[in-house]
Amino acid sequence: MPHLTTFGEIMLRLSPPDKQRFSQASTFDLVYGGGEANVAASLANYGIGATFVSRLPDNCIGDGALRFLQAKSVNCDHVVRGGERLGIYFIEMGDMQRGPKVVYDRSHSSMVSLVPGQIDWEAAFQGSDWFHWSGVVPALGQAAADECLIACQTAARMGLTISTDINYRAKMWKYGKHPREVLPAMVEYSDIILANDFDAEFCFGLQLPKTDASKDVAADHKAFLAAGKAFMKRFPKLKKVIATQRQSHSASHHSWSALLYDGKQLITAPTYELTHLVDRVGGGDSFVGGLIYGLMTWPDNNDKALHFAVAASALKHSVFGDLNRVRLKEVKQFMKGNASGRISR
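The sequence shown begins at 1 in the UniProt record's numbering and counts up one residue at a time.
Please keep in mind that the hints were generated in silico from the structure rather than gathered at the bench.
One thing to keep in mind: the hints can contain errors.
Below, simulated DSBU-like cross-link-like pairs (lysine-lysine); rule was C-alpha separation at most 30 Å, straight line [as the list claims (entries may be wrong)]:
| id | residue 1 | residue 2 |
| --- | --- | --- |
| 1 | Lys222 | Lys171 |
| 2 | Lys222 | Lys239 |
| 3 | Lys264 | Lys304 |
| 4 | Lys304 | Lys72 |
| 5 | Lys229 | Lys304 |
| 6 | Lys332 | Lys304 |
| 7 | Lys19 | Lys171 |
| 8 | Lys233 | Lys210 |
| 9 | Lys239 | Lys264 |
| 10 | Lys210 | Lys222 |
| 11 | Lys101 | Lys19 |
| 12 | Lys237 | Lys336 |
| 13 | Lys239 | Lys229 |
| 14 | Lys237 | Lys264 |
| 15 | Lys171 | Lys210 |
| 16 | Lys72 | Lys210 |
| 17 | Lys222 | Lys264 |
| 18 | Lys177 | Lys233 |
| 19 | Lys177 | Lys264 |
| 20 | Lys210 | Lys237 |
| 21 | Lys239 | Lys101 |
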């Protein structure tokens, strides 16, 4: 059975119930979540072996996060313990024309205070075929960035497929480094990157032709294709460049699709209309999980892998919380056009 290893931070997520605003809330709904943990849980949900590597505080809150993932069949044997606290993020869910809001409280978390060398990567990668990291980890601080680079170097030396989701978050890069000073060293080792034309220019300083991607779909595809070619020229190890395509009509209605460039052709996934969506947080992570599953299962069929990823993520938007709780069978039925929402008896 294929096996995935991810590296990142899992956090406590607190959100007011019933789409209340922060100023209205007297209670918060609590779940655990974090990009790389969500990806690992997605793969485990589809029956693929998954290991999550991180650093958690050695207290009952850290225990709760650990047990949460273990209950989802995610291997946590290489989670190291220590540091002061688990990071927290607060999210106010949007509705109609009011968008969601996120407030981070992750300073001095166990992952932020990680000391490079605390993780035995050769042991963590034993039995793994694939390593996934995201741009969230190197955004945490220099120590986390250094550890992520060590992980990429070790994974490449051991022959693992390496994927990354750049996942730029402006609120997180606060330790004095620009993404283009940090990310290229890690992407050098990667085989697959999830990034768009903005990432290419802002995070990597790549020069792209001037296009107006806001006018129509064709212009948007042209901008992505230019970014894909630029990424592959700058990073010769890359085999695939992927980007999701989200058009927000309101907080409750999105159009959802994705693009993949493999150096030869541009592949476009079907577009799903997500109306009355329940929770968009973790939607991108469920896409990444679906993509990795698809590429593991159908390595010679990029079209089918991309379609699976978009379908899986579209269904996840109907589920509260960060994690994808959609069954493999449900995704495959949805890909065939079963989107009626009728009771399954």
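Taking the hints in turn, this is what the structure says about them:
1. The hinted pair formed by lysine 222 and lysine 171 meets the criterion: a straight-line CA distance of about 29 Å does not exceed 30 Å.
2. Proposed proximity of lysine 222 and lysine 239 is supported: the alpha carbons are some 19 Å apart, at most 30 Å.
3. Simply put, lysine 264 and lysine 304 have alpha-carbon atoms about 17 Å apart, close enough for the 30 Å limit, and the pair holds.
4. Between lysine 304 and lysine 72, the direct Cα distance comes to roughly 26 Å. Compliance with the 30 Å bound is thereby established for this hinted pair.
5. Among the hinted pairs, lysine 229 with lysine 304 is consistent with the structure: their alpha-carbon atoms are about 22 Å apart, no more than 30 Å.
6. For the proposed pair lysine 332 and lysine 304, the alpha carbon gap of about 11 Å is at most 30 Å, so the pair holds.
7. For the hint linking lysine 19 to lysine 171, the alpha-carbon distance of about 23 Å falls within 30 Å, and the restraint holds.
8. A hinted pair counts as satisfied when its Cα atoms are at most 30 Å apart, and lysine 233 with lysine 210 qualifies at roughly 18 Å.
9. For the given pair, lysine 239 sits about 10 Å from lysine 264 by alpha-carbon distance, which is consistent with the 30 Å threshold.
10. At most 30 Å may separate the alpha-carbon atoms for a hinted pair to count; lysine 210 and lysine 222 meet this at roughly 10 Å.
11. For the hint pairing lysine 101 with lysine 19, the CA-to-CA distance comes to about 11 Å; that is within 30 Å, so the pair holds.
12. For the given pair, lysine 237 sits about 34 Å from lysine 336 by alpha-carbon distance, which is inconsistent with the 30 Å threshold.
13. For the hint pairing lysine 239 with lysine 229, the CA-to-CA distance comes to about 11 Å; that is within 30 Å, so the pair holds.
14. Restraint check: the Cα-Cα separation between lysine 237 and lysine 264 comes to about 15 Å, which is no more than 30 Å; the hinted pair holds.
15. A distance of roughly 27 Å separates the Cα atoms of lysine 171 and lysine 210; the hinted pair therefore holds under the 30 Å criterion.
16. Between the alpha carbons of lysine 72 and lysine 210 the distance comes to roughly 45 Å, so the proposed pair goes past 30 Å and is violated.
17. A distance of roughly 14 Å separates the Cα atoms of lysine 222 and lysine 264; the hinted pair therefore holds under the 30 Å criterion.
18. For the hint pairing lysine 177 with lysine 233, the CA-to-CA distance comes to about 24 Å; that is within 30 Å, so the pair holds.
19. Proximity of lysine 177 to lysine 264 is assessed by CA-CA distance (about 34 Å); at most 30 Å being required, the pair is judged violated.
20. Straight-line distance between C-alpha atoms of lysine 210 and lysine 237 comes to about 26 Å, which keeps the hinted pair within the 30 Å bound.
21. Among the hinted pairs, lysine 239 with lysine 101 is inconsistent with the structure: their alpha-carbon atoms are about 35 Å apart, more than 30 Å.
In this structure, the earlier hints numbered 12, 16, 19, 21 are contradicted, and the remaining ones agree with it.
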